[in-house]
Each structure stands twice: as structure tokens, then as C-alpha cells.
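Kindly produce the complete structure, drawing on both the sequences and the hints.
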Amino acid sequence: MSYEETIRNLSERRLKTAEQRATEAEKAGLPKLQSEVEPTGGKELDEAEDELLSEKERYKGISEELDQTFAELTGY
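Residue 1 is where the sequence shown starts when you use full-length UniProt numbering, and the numbers rise one by one after that.
Please keep in mind that the hints were generated in silico from the structure rather than gathered at the bench. Errors might be hidden in some of the hints.
Lysine to any residue pairs mimicking SDA-like chemistry, simulated, CA-CA at most 20 angstroms apart [said to hold, decoys possible]: (1) Lys27 to Ile7; (2) Lys60 to Leu10; (3) Lys16 to Leu73.
Pair ranges (Cβ atoms, derived) [what the hints assert, rightly or not]: (4) Arg58 to Arg13: 18 to 28 angstroms; (5) Ala18 to Asp50: 17 to 27 angstroms; (6) Met1 to Gln68: 36 to 46 angstroms; (7) Glu19 to Phe70: 15 to 25 angstroms; (8) Arg14 to Asp50: 19 to 29 angstroms; (9) Glu44 to Gln68: 15 to 25 angstroms.
No residue lacks a Cβ here, since even glycine has one placed at the ideal position from N, Cα and C.
In C-alpha cells form, the structure reads like this:
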């Protein structure tokens, strides 16, 4: 396996791991958030979910940009 492939594989694994952790945190925190915000109608929960989705998308964008930059630097 070439150096570039190794870097790409590590980047992909890190992204997958981060997504798994975010999903697990979301699952673990969701019941707690729901019990805390139900009296207010769930508005804060919706905001938290929107923020989480935004951060996931931001992380994915950064990862893609890093992959593209790496590819440009290595000539691929």
C-alpha cells in the first residue's frame, strides 16, 4: 500500500469513527435532552439537533477539503 493510500485510509477511518461517536452521543444524549426540554415544547431539542447536523456537515466538508488538498499536493 502506498503512502497516499495509507493517508487516505486513515482519513476515512477517522471520519467514520467521528461519525460513529457523534451518532452514539446523539443516541445517549437524546433522552436526557428530551426530558429537559419537553416542558418548553422541544424547541431547544430542535436547535441542538440542528447544531449537531451542522457540525457533522462542517466536519465532512473539512475532511473532503483535506482529501482534495492532499490529492493536489501528491499529484493525483
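>> Going through the numbered hints above, which ones does this structure break? Give me the numbers in ascending order.
In response: 1, 3, 6, 9
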